[in-house]
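Protein chains: 2
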Amino acid sequence: MTRNAQKPLLAVLAGEARTPPPVWLMRQAGRYLSEYREVRARAKNFIDFCFSPDLAAEVTLQPIRRFGFDAAIMFADILLIPIALGRKVWFVAGEGPRLEPFDPVNFEQLERGKVDEILSPIGETLRLVKPELPDETTLIGFAGSPWTVATYMIEGGGSKDRFSARVAAWQNPAAFDGMMDRIADATAEYLVMQANAGAEVLKLFDSWAEGLPEPLFERVIIRPTRRIVDAVRAAGVTVPIIGFPRGAGTLYPRYARETGITAIALDTSVDPDWAQSVLPEGMPVQGHLDPAALRAGGAALDGEVDRLLDSWSGRPHIFNLGHGITPDVPVAHVEQLLARIRNGR
Amino acid sequence: MTRNAQKPLLAVLAGEARTPPPVWLMRQAGRYLSEYREVRARAKNFIDFCFSPDLAAEVTLQPIRRFGFDAAIMFADILLIPIALGRKVWFVAGEGPRLEPFDPVNFEQLERGKVDEILSPIGETLRLVKPELPDETTLIGFAGSPWTVATYMIEGGGSKDRFSARVAAWQNPAAFDGMMDRIADATAEYLVMQANAGAEVLKLFDSWAEGLPEPLFERVIIRPTRRIVDAVRAAGVTVPIIGFPRGAGTLYPRYARETGITAIALDTSVDPDWAQSVLPEGMPVQGHLDPAALRAGGAALDGEVDRLLDSWSGRPHIFNLGHGITPDVPVAHVEQLLARIRNGR
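Chains as they are written, first to last, in the numbering used here: chain R, 1 to 345; chain L, 346 to 690.
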């Protein structure tokens with residue numbers, strides 16, 4: 001048996017259905033853990049925190065020590081790529097990320113070839129984490145997908161409906177698509193660097209894939225994702241890639257078939273019966289418990305865990321949330337979740 | 346030929362495919378019109394504006410005079426029902442609605458039977474508008490759906506992901522569903538009153554139907570909507586009802602089949618090919634141009650109009666946006682849209 005075959009998460013990504021399924025949680029290294037908040041307080045701001053390999057490695061390992069999750073996901077942020085592209089990014093406490101708003105017509109001003117240099121601390125985080133992990137734990141690297149990253153770059157931060165980014169995509173397709181290619185190419189370099197630093201799985205977060213009409217979804221979600229996957233493979237990286245086009249709705253099957261990803265992460269709103277019937281046969285899925293059910297706990301949490309286990313029975317499945325864990329979740333609810341998955345009902 | 350049969354919008358809602366399709370725009374009475382801003386400035390706040398039948402009737406008629414849309418939708422707001430339930434609602438300029446946060450465990454404190462009294466000015470708006478409309482123009486009344494209204498009541502305003510409302514729905518189903526019944530019953534009374542005041546079509550806006558797992562969608566979207574439709578029909582009201590569960594994604598077909606609505610309004614993200622194959626045969630659809638394409642104008646707007654006309658050819662179709670028109674849309678873009686629909690490519 002190879003070392004990889006011993007890891008439940010890699011076995012599932014290779015097409016094997018496991019009972020119980022491997023489990024990890026989006027944002028498992030996060031504020032719901034007191035030990036995270038203690039380490040976070042040592043960094044002077046959020047960006048510095050991401051760029052401090054010792055601190056980032058420590059919080060990456062915390063949820064593994066406490067819960068024995070089947071995967072550790074490197075601690076970082078999806079908005080590091082804009083920094084590598086020469087954009088300024090900062091975080092306002094209690095509000096979220098801020099960027100200097102960027103007009104896609106200026107896409108040729110975006111930096112190229114600085115990824116390895118500027119984001120080298122993230123590789124260092126992976127190198128620090130890897131030897132500390134239990135043999136059965138898989139190390140995941142990640143990046144934001146170009147559309148999601150572009151919405152923050154154009155809007156200057158989070159926004160209710162990414163309206164300015166959509167208008168820009170409609171108004172000047174040549175400039176917009178040029179910008180997307182720059183972001184995609186930098187993202188591919190970043191992911192290759194992560195794999196070379198020890199990441200055994202790569203995940204692409206397209207957190208704002210929702211609400212797009214089909215022609216835009218094709219242009220800003222499918223095409224750039226395909227470009228990244230192709231570039232990563234062309235660089236000789238063979239690790240599984242999980243795609244997460246959150247909110248893709250009826251367009252999930254197209255994303256699953258046309259981007260070249262290995263596995264698809266689903267959001268809370270996806271009807272499993274529908275997804276079972278339309279996703280490519282045997283493609284591993286990840287997800288997709290409602291974080292609000294985890295926050296609620298009790299019978300609702302047990303019921304939703306059981307429903308998802310039943311729904312995905314027989315398909316290679318990685319248990320996860322449909323969105324990140326929220327800071328207000330009691331640790332006891334995470335323990336309840338894990339007991340329900342691992343020990344049964 | 347009856348008067349109704351002469352109105353293109355009612356013909357489509359009766360199952361007839363029209364070329365070109367009738368067209369109106371969500372939030373067509375809105376800030377993108379200078380004449381709207383002029384009237385809006387006469388009211389001391391947004392709630393007073395909604396409760397001033399002369400002002401509300403005037404802004405309802407403005408887009409009909411300017412563009413000859415096929416429908417006038419009464420000017421009001423989805424957050425008037427909480428007022429009828431005894432909750433305080435106010436609007437903060439530039440920010441949006443505010444409410445005193447409500448805990449569903451207190452649902453028995455919600456007022457009953459005050460709808461006709463408190464919301465009578467909305468009936469008056471309809472009575473003022475009706476005789477002023479051209480013969481071919483249909484008058485639409487509306488309400489927010491219980492889930493969407495409940496999210497504002499619980500969160501105390503808009504929120505990024507309606508998280509507190511979802512947690513409440515999971516944690517205390519009995520209280521939550523009791524609250525939903527109260528909201529649904531008040532909403533049904535309100536819609537019956539609108540029909541009696543002259544509304545020829547009723548629309549239910551479930552603006553926040555997105556992101557719900559199937560069991561919650563069943564409980565908070567389908568069941569309360571069915572309750573409203575049943576109550577409206579039991580009161581002898583026979584006008585068509587358009588349902589708009591925005592963001593329902595793969596659950597649109599269940600909503601279309603199980604709520605008793607006449608027609609389904611679709612959001613921007615719905616793939617028309619998929620929807621054609623899964624929606625009930627012959628059910629009229631409304632939608633669903635990206636408001637960002639309308640803002641962009643030019644070739645993108647023409648292309649998207651053509652795509653939607655082609656996609657829905659042969660099905661009873663009301664052309665509309667997939668979400669409300671934004672305040673920054675030039676009037677010339679609305680004119681371009683109408684010319685493209687009515688005069689062809």
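By construction, these hints were calculated from the structure, which means they are not laboratory data.
There may be inaccurate statements among the hints.
To spell it out: a stretch of chain R is covered by chain L in this simulated footprint if at least three of its residues, at any positions, have a beta carbon under 8 Å from a beta carbon of chain L; those stretches are [what the hints assert, rightly or not]:
1. 78–85
2. 205–213
3. 222–236
4. 245–251
5. 290–296
6. 335–344
Label-pair distances were calculated between CB atoms; the ranges are [stated by the list, open to error]:
7. R/R42 to L/R652: 49 to 59 Å
8. L/G581 to R/K160: 32 to 42 Å
9. R/K160 to L/S658: 27 to 37 Å
10. R/G236 to L/P446: 49 to 59 Å
Taking lysine to aspartate or glutamate pairs in the EDC-like style, the calculated list, with each CA pair at most 16 Å apart, reads [stated by the list, open to error]:
11. R/K160 to L/E445
12. R/K160 to R/E108
13. L/K505 to R/E258
14. R/K160 to L/E440
15. L/K433 to L/E445
16. L/K505 to R/D161
Computed from a predicted structure; not experimentally measured.
Where is the CB? At the ideal position from N, CA and C, for every residue including glycine.
So, going through the hints one by one against the coordinates:
no., hint, verdict
1, 78–85, "violated (count 0)"
2, 205–213, "holds (count 4)"
3, 222–236, "violated (count 0)"
4, 245–251, "holds (count 4)"
5, 290–296, "holds (count 6)"
6, 335–344, "violated (count 0)"
7, R/R42 to L/R652: 49 to 59 Å, "holds (53 Å)"
8, L/G581 to R/K160: 32 to 42 Å, "holds (40 Å)"
9, R/K160 to L/S658: 27 to 37 Å, "holds (33 Å)"
10, R/G236 to L/P446: 49 to 59 Å, "holds (54 Å)"
11, R/K160 to L/E445, "violated (22 Å)"
12, R/K160 to R/E108, "violated (28 Å)"
13, L/K505 to R/E258, "violated (30 Å)"
14, R/K160 to L/E440, "holds (12 Å)"
15, L/K433 to L/E445, "holds (6 Å)"
16, L/K505 to R/D161, "holds (10 Å)"
In this structure, the hints that do not hold are numbers 1, 3, 6, 11, 12, 13, in rising order.
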